[in-house]
Structure formats: C-alpha cells, structure tokens
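Protein sequence lines, in the order shown, are assigned to chains A and B.
For what it's worth, this note's numbering labels the leading residue of the first sequence as 1, then goes sequentially.
For what it's worth, this note's numbering labels the leading residue of the second sequence as 1, then goes sequentially.
There could be a bad hint or two in this list.
Copies of one chain are not kept apart here, so a pair can be met inside one copy or by any two copies together.
[Claimed, not checked] In silico lysine to aspartate or glutamate, DMTMM-like type, Cα no more than 25 Å apart, as pairs:
hint : residue 1 : residue 2
1    : Lys379    : Glu51
2    : Lys254    : Asp286
3    : Lys379    : Glu13
4    : Lys344    : Asp205
5    : Lys451    : Glu471
6    : Lys227    : Glu202
7    : Lys114    : Asp148
8    : Lys225    : Asp205
9    : Lys306    : Glu280
10   : Lys306    : Glu104
11   : Lys225    : Glu202
12   : Lys227    : Glu280
13   : Lys306    : Asp9
14   : Lys254    : Glu277
15   : Lys225    : Glu249
16   : Lys114    : Asp146
17   : Lys254    : Glu314
18   : Lys227    : Asp205
19   : Lys344    : Glu111
20   : Lys114    : Asp181
21   : Lys254    : Glu202
No lab work stands behind these hints, which were simulated from the structure alone.
Protein chains: 2
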Amino acid sequence: MKRYEKFADDIAELIRSGVLAAGQRVPSVRYASQTHGISPSTVFQAYYLLERRGLIRARPRSGYFVNDSFASETFAAQRFELAPVLEPSQEPQVSESTEVDVSELVFSVLESIKDPNTVPFGSAFPSAGLFPLQRLARSLASATRDMDPRMVVSDLSPGNPTLRRQIALRYMVAGQMLPMDELLITNGALEALNLCLQAVTEPGDLVAIEAPAFYACLQVLERLKLKAVEIPVHPQTGIDLAVLEQTLERYPVKACWSMTSFQNPTGATVSESRKRELVELLRKHDVPLIEDDVYAELYYGQHAPKPAKAFDTEGLVLHCGSFAKSLAPGYRVGWVAAGRYAQKVERLKLMTSLCASMPAQAAIADYLQHGGYDRHLRKLRNSLEDQLRAMLGAVARYFPPQTRVSQPSGGYFLWLELPEQIDSLKVFNVALAQGISIAPGPMFSPTRRFKNCIRLNYGSPWSDTSERAMETLGKIIRSMLG
Amino acid sequence: MKRYEKFADDIAELIRSGVLAAGQRVPSVRYASQTHGISPSTVFQAYYLLERRGLIRARPRSGYFVNDSFASETFAAQRFELAPVLEPSQEPQVSESTEVDVSELVFSVLESIKDPNTVPFGSAFPSAGLFPLQRLARSLASATRDMDPRMVVSDLSPGNPTLRRQIALRYMVAGQMLPMDELLITNGALEALNLCLQAVTEPGDLVAIEAPAFYACLQVLERLKLKAVEIPVHPQTGIDLAVLEQTLERYPVKACWSMTSFQNPTGATVSESRKRELVELLRKHDVPLIEDDVYAELYYGQHAPKPAKAFDTEGLVLHCGSFAKSLAPGYRVGWVAAGRYAQKVERLKLMTSLCASMPAQAAIADYLQHGGYDRHLRKLRNSLEDQLRAMLGAVARYFPPQTRVSQPSGGYFLWLELPEQIDSLKVFNVALAQGISIAPGPMFSPTRRFKNCIRLNYGSPWSDTSERAMETLGKIIRSMLG
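All chains should be modelled from the sequences, with the hints used to inform the complete structure.
This is how it looks when you write it as structure tokens:
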C-alpha cells in the first residue's frame, strides 16, 4: 500500500466514523504535511483519490471539504446501523422449494436486461465494456490457430491442462497449495455449482442456504428437487454462524451453500476468522460446504479475502470460481476445486456435458500466460470502486432518507432496504416501464422475503443516464411512500 | 449424382447381391463402355472409386476383380442374415437403472482413449484430423475480433441469433420449416439430451430406451434417477415398434429416447415410413420422443434420412443435434428443437449453465455462412465410407467366420456380434493391454446384455496400424474360442 493510499484511508476513516462531519473542512495540505510527516504531494495525491471516491470536494481557493452525501450524520447512521435483514434470533425456517414462482420472476428480470435501451441496474453481469475482449480475441486466435487435433481427446474433462495449471498457480500465489487433480473446468461457475450440489445430495435432501441467496442457488435446488433451510446473512458480516449451528444441530442438513466474499445480493464478506469458524462448524457435522466464490478477484482492498477453502483440511469445501465476472463474460469458463468430491463431480460433468468449450479454455489459458490479467484486474477494481461511490452518492441524493444501504468491499452489487411499506415488485414493474431494470428482493428467497429490498448493479461506468435513472428510481420509491 | 458414381453404385449392387462373386472379373472397361453407353473414362472413374472403397482390385494386365473380402458367399450371408440382437418376441424388461456399474465401465473406456498411443476403436469420436480445424480457427478469429460487448447479454440462451438462423436454414433446405423460437443452443447434444429428459420426467419415472443404447443415455437416466424399459433395436431397421407398442400399452412410460438414424452403437436407421409410425404411436399415447440425431449429416447415400421430427405435427418430438460429430469437436455446440417443450427446456438451460460458450457459437455461425460446410461434409462422408469398407474388409480377413456385423449406411460405428462364448469385457481388457481400445457390449445396456458384442469406431483414416490392430483383435477373439 502506497503512502498516499494509507493517508487517504486514514482520512476516509475519520469521515466514516463521523470525526470529520459533512461540510467540514479537511486539514489543509500544509497542515497535514507537517503533522503527518509526509510530503505535500503525497497529501495532494491522497485528497485527489478521496475526491475521485466522492468523499471530499474541492472548493476553489478554500481547500477540501467533506462531501455532503457521504458524511451527513443521517447517512452515516444509515450505513452503519444497517440491521441484518433477518434477525439472528429468528427461528431457522425449513421450506419446500417454492422456486417455480421465483423462477418466473428471475426469468422476467433476465429478459428485461436483454433490451440494450434498458438501464441495467437489475443485471447480474458487469458491463462487458470493462473487459479486455479484444485482447482475449487475440488469445483465442493464437491459441486455436495451431490447435492440435488431439486436444479434442486430451482436453476432455477435467479440462485444458495449461488452464488448470494457471488456475492452480493463482491459488498458490494466494497462499494455497491445491493439487491439480482437484481442478475441473466447467461451463461457468453455474454448472460447477449444479454439479457440486448434485454430488453431495439426493432428491429430497435439506440444504442450508443464505437468506437472501443468489437466485440461481434457488433454481438449482428446484432443479434437483431439494429442500432449503434459510440462514440469515448479515449485510456486513455474512452468514449467521449461530443460526447455522442451531440448524445443523436440529436438522439433517446435507450441504451448505454460501458465497463467503462479496455475497450476491448483499455484498457481505465473512471475515477470515469467521470463515475458519464456519469450516470448523461444518466439519464437526461432516457437512460439505459449496463455496461460491465468483467475485473473489473483485476486492477493493489490498488483498483478496481468503476463501473458506483456505481453512479446509478435510476436503469438505467445494470451491467454485469463474472468469465470467472478472475477465471473459460469455466464454463460460468456470472451475471447481471439489476436495474429496473431485472424482464424483468430474464424472457428473462427463455425464452432463462432457467438457467445457475447448477454444474458450485455450484462449483463457493463453491470456493468463501472456495477457496481463493482474493489470486488467487492478483497472477493473478501480472502476468498480469508483462506480460504487457514484451509486452510493446517488442513493444519498435521491432515495428516501430511511433507506438502508450495504457497504460492499468488493463486487458490483448494492443491497438496499427501502422503507417497510415499499413493495419492490411494484418498484420493479413501474421502473421497467420507464426503462430501468432492478432486481427486487423476493427473487432472492424461496419464501419470497425481502419484499422491501432491492439489489442494484453498479457494474457499468457511471453516466448521466445512470444518474437520471437513479433520480427516477428515487422518485418512484418516494411516490410509493404516499 | 455423377455418371460414374451411378455406374459404380450399380456395380456395387451387383457385388452385394452376389451377382458378381468373389474373385470374379468385373466387365472390362471397353465392354462396360459399349454396353452401358458411357465413356471409357467414366468407367475408369467408377472402377477407381470401387477400388478405393475396397470392393474391387486391379490385377496387373488382367483387369479388375471382385475383392475376396467383400463378396464371398459366407461374408455376404453374415452381413445380410444378421439377427436382431434381441428377438422381438422377447418380453420388454423394466429395469431399475444399474448404471453405476455401467458408468465405471464407460469411464474406463473413456480413459483408455486418452492415451494417444492407443488405437481408438473404442472411441466415441471420429478422428479430429477429419475436421477443418484451421478454417474454424479463422472463423473464430474473425467472429470474435469485432465482437460487440453487448453480445454477452444478447446472446444469452436461447443463443447466438445468426447461428440459430443458420440451423433453421439447414432444416428448411432439408424440407422442414422450424420456427426459430424452437431452437436452443446447448453445450453439445449431451446437454440438450439431459435437459430434454429432465423437462419431460420426474425422478422415478419410466423411460423407454433402446437396447443396445448409447451409454450416455443410461448415465443421464442414472443422473436423473429414472427407470428404464429396454426396447430391442434391430441392427438393420432400428427400434422395434411392436415391442414399443406393447410396452406403451402395459407400462406408464413417460418418454421415449431413440437415435433414429445411424444409431449408436448398432448403426441402425429407422426408415422414413417407420419413423412416421413411431411418431404416430407415441402421439397416440401422448409420450414425447427425445430424438438423438447427432449423426444426421454423416449419411453415405444421396440424401440425409429425414428425422422423426419431420413427421411430428404435435410438438411431441424434441430433436437434438450437434456440430461435434460433423464439424467442430471440442467446441461443444449442439442444439435442440424441443417442440412444445421449448420454453421449459430453455429455462432449464438457463438454470443449469446459463448459455453456451459465445466465441464457439459465433465461430460456427461464421463458418456456416462462409466456410463451405457442405463441401467439407461431402469429403467427410466419403472418408467415413472408405474407412467403413476398410474395416469391414479387416473383419472379414481376421475375425472368426461366425462373426456377425452391422451394415451402417452412415456414422462411424460398426456393431459386431461375436460367437456366444466370447466375453467382450475380457476382449476389452486383453486388447487394451496390447494398446487397442474397443467398446464392449455391456456398456450399452443397464442390464449388461450384449456380452458377446463389441462396437468398433472407424472414424479414423485407415492405416497400417489400424490393419495390424484388427489382426491382433481377431487373434485375441479367436484365442478365446478355445
């Protein structure tokens, strides 16, 4: 971490904790330089960064001031007093999957984002414009130009050996030694998750899922005729371990599905120490963890948070990743490191779709070797963080003051709790009629909870259109307050 | 059809029907030219073609003679009196899927062909060298170079619009009008078949399958916890309609799965009139037909046999196709025209793996428009037919005379019924130890029938290695006759 970044973080912390209030002047460059023992140019760089993040604003000839949107007492309170969407004290609920309805909703939301004129706040994807598609096309061309025909047989599942080696290397750099044998390439993480869940369950089994949960998880449960028990997710700290523990003691849970970092839809990240607890808890009950970690590379801090997989010594964690959100949407290349279930998952893969598309695998293998993935990722993370600031600003400007909003430290989703009386399905319909898609809360629950919640996607570069769309959304919601 | 091809076919028919016996001299070029009113060069071309097909052989200064392997009385009898592998009079048997064992076998056969030094007679794939991989790589490069980032959203399932239009066009040229809306792109036909079967069944349901059946069908049944009733397949005429009818009257069959042309493993093709009957029979019982038609383009005659889908007026046929066997192995691009189940199958696809790999779809769309697919197919069909002749010759030369062999008119599989006492699993093991893979009969049945049958793949250009491998196989089998 560079000096100016460290200083910027310190100031940001002062703003977040309310030490520096809205409208208040931040220390002058000279003063800061003297008291902190850093050069004026370092201070400038830090203030420039804070300005870019929307935290402070320069006033001509007066210096820098804390931005209204970010430090007003109210807003700070909104962000910090954000309640878990389900109280931990609530009883865990076992529910037969009622996903047919959820599916209808999901399909209409998916359909809504196909129209290029619709503002894609409801989308599950970041803007494809953020990805190095041209560079990937070059990798594709060069990797397939001299493709050995025997690849058709040698690259059958578990997949392209170079690609698997590159992925194992990335685990290694992150401090995790993973045997190559564990790695299976899939048609995106979605297929990996399907295969994993099938590998560890039988129809009728009970699976512990998150509430709210990524809707595809609900659909996979529906497809495999499984039952769900919902474990509350705290928007700051992730899955509630106390409730999970009660549930494991009381019900015959056969698997647990969790997005442990930058959870979809809440953006919550389970801390490393709590990931360790999670793994230990599941180990005690011999329950496999299906860890959906597709946003792993989209962290805003200095390092990727470690996955729960890093703390697994028993092969009980099936860790699913993907290049779809960080590099190559549409290529449909994901993977799973399935621990002790690796062979079973590989066989299911062979039976389900044989193997992943070979040109796509070869292209990504080539790109990982020569394309500058880490440089691209740094750029992508910066863009996403900027876009988060912009959207948070817009929420503060246009949404009712009772709105609660999540604080993601990675990914590209914002989770909003609107005032009680707001029906997010109505918001969805009214907004769509005005060319704006959102993801309504009930999509994320088999029991259609989160009626007054919405998920907003900030994965597109901020524009006037985004700003106006947020203004319109704000108006729609305010008008429903009656 | 060119003049010389017609003449060659006439001569071939004379050989096949025994009019021209083994070792007999075929009409001299001058004689043939005069009596048939064709030019000597046309006769030469025809004889050259027949020679290439292994039917006749030139003897220096003596003219052309019918090849021994192809017209010996014995061999002709073997080929034409081939009994159905299950007598139609047999009771249909309902069997719980016992596929775990079949899977083990399938996986070890799949594993065996990964070694490039193994002769791949057991492979399910044709040799990748027969495909225009370089030309496809160019299509891939040009299709992705200018890829619109929005494709990531617009090409979600049902798939790339250009590709779907090209496929619909091919149906149209074959005389079938298919609404674009029915077409869904999948990760190969295997995924299509999985999705179709899931769309029309619930766990525990009974499905009518073929005996012998493509082993992946058995695995899909296993995966979906379905039960199978086996309907005998006649190696000449395909699925036994009388047994199917009895079965439909007696059991609550929920779906029927059939490969109606160039069936894997027997090579059988159901005639068009019998396809019409099949469709009518299933319609009467309101049972959907999952038609696996992945070898459709690999016919040796003048025209592709029509699929059962062509006779379906009720949307009860789910027609699955693929480019994996005819153009682009490893790209994993297949499709399904799922009739009245189209929406349900599309939704399952979205829930299972979102969509097929976009670069692969775009590449094939480009190739179909500009690559010369039909020219490639003509060449491919000629190669496969040549290879068939070569393998038939080798069977005649090296295998015990009691061997019965199928007569495929397309595809690249030969089905052999060895003498009763032969255990094909033993043949598999002994042959593999000598570097030759084969597909043993029990792979193709949930009840492990076809103990004395094997499937041989002639999808690779014939070579000395192939010839020697057939000789070795023949020796292994003969040695087991005791």
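The hints, checked one at a time:
1. Lys379 <-> Glu51: Only inside one copy: Lys379 and Glu51 sit 17 Å apart there, 64 Å across copies, limit 25 Å.
2. Lys254 <-> Asp286: Classified as within: same-chain Cα gap 9 Å, cross-chain 37 Å, threshold 25 Å.
3. Lys379 <-> Glu13: within (22 Å within a copy, 69 Å between copies)
4. Lys344 <-> Asp205: For Lys344 and Asp205, the Cα distance is within 25 Å both inside one copy (18 Å) and across copies (24 Å).
5. Lys451 <-> Glu471: within (21 Å within a copy, 72 Å between copies)
6. Lys227 <-> Glu202: both (10 Å within a copy, 16 Å between copies)
7. Lys114 <-> Asp148: Between copies only: 14 Å across, 37 Å inside.
8. Lys225 <-> Asp205: both (8 Å within a copy, 14 Å between copies)
9. Lys306 <-> Glu280: Within one copy only: 15 Å inside, 59 Å across.
10. Lys306 <-> Glu104: neither (35 Å within a copy, 36 Å between copies)
11. Lys225 <-> Glu202: both (8 Å within a copy, 9 Å between copies)
12. Lys227 <-> Glu280: within (24 Å within a copy, 39 Å between copies)
13. Lys306 <-> Asp9: Within one copy only: 22 Å inside, 69 Å across.
14. Lys254 <-> Glu277: For Lys254 and Glu277, only the intra-copy Cα distance (18 Å) is at most 25 Å; the inter-copy one is 47 Å.
15. Lys225 <-> Glu249: within (23 Å within a copy, 29 Å between copies)
16. Lys114 <-> Asp146: Classified as between; 20 Å across copies, 36 Å inside a copy.
17. Lys254 <-> Glu314: within (16 Å within a copy, 42 Å between copies)
18. Lys227 <-> Asp205: For Lys227 and Asp205, both the intra-copy (6 Å) and inter-copy (20 Å) Cα distances are at most 25 Å.
19. Lys344 <-> Glu111: between (34 Å within a copy, 15 Å between copies)
20. Lys114 <-> Asp181: between (38 Å within a copy, 16 Å between copies)
21. Lys254 <-> Glu202: Both. Shortest intra-copy (9 Å) and inter-copy (21 Å) distances satisfy the 25 Å Cα cut-off.
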